[in-house]
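S.K.: Protein chains in written order, with our numbering: chain U, 32 to 502; chain P, 32 to 502.
Since the hints were made in silico from the structure, they are not lab data. Worth double-checking, as some hints may not be accurate.
Repeated chains share a single entry, so a pair holds when one copy, or any two copies, can fit it.
Quick list of in silico lysine to any residue cross-link-like pairs, SDA-like style, CA-CA up to 20 Å [to be verified]: (1) K210 <-> K399; (2) K446 <-> R116; (3) K210 <-> A405; (4) K434 <-> R388; (5) K478 <-> P330; (6) K325 <-> E233; (7) K336 <-> Q261; (8) K325 <-> G227; (9) K336 <-> R287; (10) K210 <-> G475.
Below are the chains, spelled out letter by letter.
2 protein chains.
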Amino acid sequence: MATQAAFAVRFPQLARPGRGHGQGQPATRVAVRGGRAAAAAARGVRCRAGGLIEPDGGRLVELVAPEEGGRRAALRREAAALPHRLRLGRVDTEWLHVLSEGWASPLRGFMRETEFLQALHFNAVRGADGSLVNMSVPIVLALDDAQRRAIQADGATTVALVDAHDRPVAVLSDIEIYKHNKEERIARTWGTTARGLPYVEEAITNAGDWLIGGDLEVIEPIKYNDGLDQYRLSPAQLREEFARRNADAVFAFQLRNPVHNGHALLMTDTRRRLLEMGYKNPVLLLHPLGGFTKADDVPLSVRMKQHEKVLEEGVLNPESTVVAIFPSPMHYAGPTEVQWHAKARINAGANFYIVGRDPAGMGHPTEKRDLYDADHGKKVLSMAPGLERLNILPFKVAAYDTKHNKMNFFDPSRKEDFLFISGTKMRSLAKNRESPPDGFMCPGGWKVLVEYYDSLAPPEGSSKPREAVAA
Amino acid sequence: MATQAAFAVRFPQLARPGRGHGQGQPATRVAVRGGRAAAAAARGVRCRAGGLIEPDGGRLVELVAPEEGGRRAALRREAAALPHRLRLGRVDTEWLHVLSEGWASPLRGFMRETEFLQALHFNAVRGADGSLVNMSVPIVLALDDAQRRAIQADGATTVALVDAHDRPVAVLSDIEIYKHNKEERIARTWGTTARGLPYVEEAITNAGDWLIGGDLEVIEPIKYNDGLDQYRLSPAQLREEFARRNADAVFAFQLRNPVHNGHALLMTDTRRRLLEMGYKNPVLLLHPLGGFTKADDVPLSVRMKQHEKVLEEGVLNPESTVVAIFPSPMHYAGPTEVQWHAKARINAGANFYIVGRDPAGMGHPTEKRDLYDADHGKKVLSMAPGLERLNILPFKVAAYDTKHNKMNFFDPSRKEDFLFISGTKMRSLAKNRESPPDGFMCPGGWKVLVEYYDSLAPPEGSSKPREAVAA
Chain U
32 MATQAAFAVR FPQLARPGRG HGQGQPATRV AVRGGRAAAA AARGVRCRAG GLIEPDGGRL
92 VELVAPEEGG RRAALRREAA ALPHRLRLGR VDTEWLHVLS EGWASPLRGF MRETEFLQAL
152 HFNAVRGADG SLVNMSVPIV LALDDAQRRA IQADGATTVA LVDAHDRPVA VLSDIEIYKH
212 NKEERIARTW GTTARGLPYV EEAITNAGDW LIGGDLEVIE PIKYNDGLDQ YRLSPAQLRE
272 EFARRNADAV FAFQLRNPVH NGHALLMTDT RRRLLEMGYK NPVLLLHPLG GFTKADDVPL
332 SVRMKQHEKV LEEGVLNPES TVVAIFPSPM HYAGPTEVQW HAKARINAGA NFYIVGRDPA
392 GMGHPTEKRD LYDADHGKKV LSMAPGLERL NILPFKVAAY DTKHNKMNFF DPSRKEDFLF
452 ISGTKMRSLA KNRESPPDGF MCPGGWKVLV EYYDSLAPPE GSSKPREAVA A
Chain P
32 MATQAAFAVR FPQLARPGRG HGQGQPATRV AVRGGRAAAA AARGVRCRAG GLIEPDGGRL
92 VELVAPEEGG RRAALRREAA ALPHRLRLGR VDTEWLHVLS EGWASPLRGF MRETEFLQAL
152 HFNAVRGADG SLVNMSVPIV LALDDAQRRA IQADGATTVA LVDAHDRPVA VLSDIEIYKH
212 NKEERIARTW GTTARGLPYV EEAITNAGDW LIGGDLEVIE PIKYNDGLDQ YRLSPAQLRE
272 EFARRNADAV FAFQLRNPVH NGHALLMTDT RRRLLEMGYK NPVLLLHPLG GFTKADDVPL
332 SVRMKQHEKV LEEGVLNPES TVVAIFPSPM HYAGPTEVQW HAKARINAGA NFYIVGRDPA
392 GMGHPTEKRD LYDADHGKKV LSMAPGLERL NILPFKVAAY DTKHNKMNFF DPSRKEDFLF
452 ISGTKMRSLA KNRESPPDGF MCPGGWKVLV EYYDSLAPPE GSSKPREAVA A
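With the sequences and hints as input, model every part of the structure.
M.R.: Spelled out as structure tokens, the structure:
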């Protein structure tokens, strides 16, 4: 399969079977979309995949029309004939991608009002069987008043969703239109209404005053054609990869910052701990977020190049690591959002989730403090309804150990030996083409970062004084 | 018992047994506090009370020291000797009252951080058995930085809570102090951070930047000595009253506005519907809120006088009605707060809850619109975790039927016949000593209202033009 082949080319190590009890097993591949379940069952993958944590709601929801049987062509014709078309923005498309692959299972489309209200008030929605499934961020589609009036005047129940070039992407049926109370949505999601929240400015402030929910059917898999699509593995593809490797534990690490050796240390140590707990083959899902991020975050393409270097240089063991892109946009909604990050990884087969200090946090947009208490994310995650099945692994703090010239777990008994290198400090070093302390990041990864900041620098160079390195 | 005697004097009808299968049963009374459970069991009340809905967590939490055995005196001595004393404000005392009687069961004191975070993020807290119990508003106690430092410098684990005259009221033990992030608390509770929210201005804005949680023990029952204490029945007292009446369904109605014949119609109709459903003796808990309300709400004393008139004049049937005061302060937090209002009534034995349009709502403090969507309260309540056992009865809209000159359920087929009389309109009529339409409110109840507004009027009278009556 094209996607998997490209994946294997970039990370050839990944095509080898895992080191656990699956050793020596042939790396059979199955069709991922369209007839996937049947194919998997026929080849016994379903049986092995059965060892992974169940998706929320018991079944992975996949909303892309199957390739065979003419459904795609029929859906495309249907969409083209629909009188009402809603154009998707960048973030809308990312959510469509998320929904289409089942990251938000059991959601079957953009939220209707009952789901929206439950997400806002309870961070969880009730499934068909009455049990609670975690769902902390609203996954919604906005429309303006003119669009609403036109749809409702017709009594339409189905609308086409189109891309920036007006090409049909999906059909939303059995629609429900309800009010987009932006202030309340923002307050309940972020715990603040201060101006300057990146996601709010990108996707809410100028969005319509109405929301439309319904059942989604997507014409074909979402592609970005940015050279990174081979990393965009769906939950079903990831589950198959974990099954193929005979993973008996999958631990997920959400990352939206440049990867450094502290992360690698943590992940290696997590695998060691899981082996000590008796797991035979814990596999890491190293899962950088690929959707919308704020302007000063390092872009996805740069981060992915760094991830390649980390594996190429052996900082992480490719045999027990799967690198893929999580297609969600970033809310920077701290304790609320970390639940979404964790929940989506359950759907991809992860039963362990590593949570760090201040996950999905950022500085308060208008006050000189962090927006969230650094410990709240971990606490809220560990108590969240619908996440009871997930094992939360608290992040051990790593910092640069000046005594041993490498990243090490922070040891409070000799705290003077440790140097905390913040994102701001890292950026400052890279911008100034300084070298980081030896062993902070793999050389190839650092080079990628420096090249990125070089590409941003003004032609004649900046005359600003260099920023301090010490934490 | 004094309290019950006073209750029976005010509403002598209430001492009669219900009309259901309990008819003719002697109106035995049991001691309410101190040895209550034992006494109840001995007299068979426990058995009858067993027919009522179970309190949240399975057991009603009562935190007032028992009268016998010297515990009150010992606790008073203990409190007097404690070096750290926190003075309770008005709203703090109301929450202490709420906690002490078990309205917030299974909470055993002001919230610790895990409870606070769960209330804010999930509107529910996990009980000891892992099940979710609804808890939508934070019940917390604030302290300032100097107090926090003093307590923590000592390593104190217990503090005394004292009233405005520095008299010990309770002891809080096994304390935990954590940050009071006011902005986040407000945003997540109200869905807005706009200035002018009454509860926020009363109890949050000027409160300390820290919160203290712990196990509460209250020295003696909270009394207000305002002539209304006899209406302040605890959940245990209410449960005994319902058991005594052999209620097989209890339907609660939360009210903070003047009671009128539309309410009475709704309540009478609800009882009729419950009888049709097969219940033999549905009892109404008519339960005006008695704690903090915003400045322009009609004061509790006036509302209680009106309730007396409604029963005296037979607008409501005293045999199937229990009038009592709900001691909670009012948040005006709409869909978030209505859950608290409902949950607290479960603890008092109610298994049906009547929910109206825009419950606990108010106008947006800075914009010209309602703060909440009028339907959200009902929707959120019906989906709330931990309230699955409660039957939600949607309020049927009543309005003044000009054709029949009485309050009637709104009939959209002849909507021109109906007159909606808002709180603002009612206030305007009463202020101007105009009569309301015949049958809108019982004459005694109206007189109470007019007298109240008279007492507020400036001595020489206002020359402002009279406000319109039509809706």
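S.K.: Compare the structure with each hint and give your call.
M.R.: Hint check:
Taking CA atoms no more than 20 Å apart as the test, K210 paired with K399 passes between copies only; the shortest distance there is 16 Å, against 34 Å inside one copy. For the identical chains of this complex, K446 and R116 are neighbours neither inside a copy (59 Å) nor across copies (37 Å), given an alpha-carbon limit of 20 Å. In this homomeric assembly, K210 and A405 come within 20 Å of each other (Cα to Cα) only across copies, at 12 Å, whereas the closest approach inside a single copy is 33 Å. Neither within a single protomer nor between protomers do K434 and R388 lie at most 20 Å apart by alpha-carbon distance, with minima of 24 Å and 66 Å respectively.
Only within a single protomer do K478 and P330 lie at most 20 Å apart by alpha-carbon distance; the minimum there is 15 Å, versus 71 Å between protomers. For the identical chains of this complex, K325 and E233 are intra-copy neighbours only, at 9 Å inside a copy versus 37 Å across copies, given an alpha-carbon limit of 20 Å. Taking the shortest Cα distances, K336 and Q261 sit within 20 Å of each other inside one copy (13 Å), while across copies they are farther apart (73 Å). For the homomeric pair K325 and G227, the shortest alpha-carbon distance inside one copy (11 Å) is at most 20 Å, but the shortest distance between copies (32 Å) is not.
In this homomeric assembly, K336 and R287 come within 20 Å of each other (Cα to Cα) only inside a single copy, at 13 Å, whereas the closest approach across copies is 62 Å. Within a single copy, K210 and G475 get their C-alpha atoms no closer than 49 Å, and across copies no closer than 42 Å, so neither meets the 20 Å cut-off.
Checked against the numbered hints above, the structure breaks hints 2, 4 and 10 and satisfies the rest.
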